[in-house]
Amino acid sequence: MLARLLPIILFVLPLPSANAAEKAAVRAGSEWNHWYTVTILPKTPFAYYHEKLERNKGRLHFKTEMWKKEEGFINAEQLGVFSEDNPELTPLFYNFHATYRESEVSIDGSAGKGRLQVRIRRNNTELPVITRGLPGKAFFSSMFPIWMSRKLLGIPAEQAKSASLPFLAILEDNQDSGFSAESGRIQVMEPDEFAKSSGTIRVQVDFNGQRSSWYLDKSASPVRVDIPSQKTRIERTDEKRAKAFLNSP
Numbered sequence: 001m002l003a004r005l006l007p008i009i010l011f012v013l014p015l016p017s018a019n020a021a022e023k024a025a026v027r028a029g030s031e032w033n034h035w036y037t038v039t040i041l042p043k044t045p046f047a048y049y050h051e052k053l054e055r056n057k058g059r060l061h062f063k064t065e066m067w068k069k070e071e072g073f074i075n076a077e078q079l080g081v082f083s084e085d086n087p088e089l090t091p092l093f094y095n096f097h098a099t100y101r102e103s104e105v106s107i108d109g110s111a112g113k114g115r116l117q118v119r120i121r122r123n124n125t126e127l128p129v130i131t132r133g134l135p136g137k138a139f140f141s142s143m144f145p146i147w148m149s150r151k152l153l154g155i156p157a158e159q160a161k162s163a164s165l166p167f168l169a170i171l172e173d174n175q176d177s178g179f180s181a182e183s184g185r186i187q188v189m190e191p192d193e194f195a196k197s198s199g200t201i202r203v204q205v206d207f208n209g210q211r212s213s214w215y216l217d218k219s220a221s222p223v224r225v226d227i228p229s230q231k232t233r234i235e236r237t238d239e240k241r242a243k244a245f246l247n248s249p
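Position one of the sequence shown corresponds to residue 1 (the working numbering), numbered consecutively onward.
Derived by calculation from the structure, the hints in this document are not laboratory data. Just so you know, not all the hints are guaranteed correct.
Said to hold, decoys possible - Straight-line Cα separation of at most 20 Å, EDC-like style, residue types lysine to aspartate or glutamate; simulated pairs:
{"#": "1", "residue 1": "Lys218", "residue 2": "Glu190"}
{"#": "2", "residue 1": "Lys52", "residue 2": "Glu190"}
{"#": "3", "residue 1": "Lys43", "residue 2": "Glu190"}
As the list claims (entries may be wrong) - Between beta-carbon pairs, the in silico distance windows are:
{"#": "4", "residue 1": "Ser197", "residue 2": "Lys57", "range": "17 to 27 Å"}
{"#": "5", "residue 1": "Pro128", "residue 2": "Asp192", "range": "40 to 50 Å"}
{"#": "6", "residue 1": "Pro42", "residue 2": "Asn208", "range": "17 to 27 Å"}
{"#": "7", "residue 1": "Gln117", "residue 2": "Glu190", "range": "40 to 50 Å"}
{"#": "8", "residue 1": "Glu65", "residue 2": "Gln175", "range": "13 to 23 Å"}
{"#": "9", "residue 1": "Glu190", "residue 2": "Thr131", "range": "25 to 35 Å"}
{"#": "10", "residue 1": "Ser197", "residue 2": "Arg119", "range": "39 to 49 Å"}
{"#": "11", "residue 1": "Glu65", "residue 2": "Arg119", "range": "16 to 26 Å"}
{"#": "12", "residue 1": "Glu190", "residue 2": "Glu84", "range": "33 to 43 Å"}
{"#": "13", "residue 1": "Ser110", "residue 2": "Glu54", "range": "11 to 21 Å"}
From the three backbone atoms N, C-alpha and C, an ideal C-beta is built for every residue, glycine too.
Modelling step: build the complete structure from the supplied sequences, incorporating the hints.
Structure follows, in structure tokens:
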């Protein structure tokens with residue numbers, strides 16, 4: 001949902017103190033409950049989804065539910081990811097489930113001892129288990145918004161104004177890549193017209209061969225994401241509007 005993603009209003013709001021920034025960074029990883037719509041530009045409704053983060057006993061549980069309109073059908077995806085609640089968001093395990101018409105796929109991944117093991121079931125068929133090496137700083141890609149907000153909230157103000165940070169993330173449903181960790185980078189950018197009018201900060205994200213622009217509010221959550229190569233726009237909304245989105249003309 002990268003596939004599926006501050007004191008950060010750097011150019012329009014004052015930055016908090018170091019202690020305040022550290023506390024805000026922790027909150028960014030424990031207060032997350034948002035609805036989004038996905039539009040194929042200029043105005044074709046494609047999907048809506050819900051993200052929720054739960055924090056319990058040193059673990060983060062990030063849940064995503066998505067509904068997509070494809071060839072006249074509404075297809076559903078669910079992703080549940082568990083990571084350690086530490087600066088690295090160390091991967092633990094996840095489950096991905098998707099339906100497309102009468103087809104169904106489930107993917108279960110578990111991480112430990114420097115390895116990621118993935119089991120895939122298509123309808124009633126078990127596929128061979130995939131095992132990959134797991135770089136020490138890699139995290140599950142659905143955790144990317146949490147990683148980004150914590151990083152930007154946790155660095156000094158002067159650094160944050162032009163922050164450029166690398167990362168490694170695993171796309172939980174990407175069988176084509178064999179579930180290898182993919183490298184990416186975030187870059188804080190000068191505000192464009194939307195950033196100025198909405199009071200957000202613009203962050204350029206390069207990941208998995210795509211460039212996107214993320215607009216983040218002062219609570220460090222995305223307000224809008226533009227993916228030009230896919231002619232796609234993701235926008236935060238409320239539950240009622242999200243659930244009615246695919247009924248739009």
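| field | Violated constraints from the hint list, given by number and in increasing order | value | 2, 3, 4, 9
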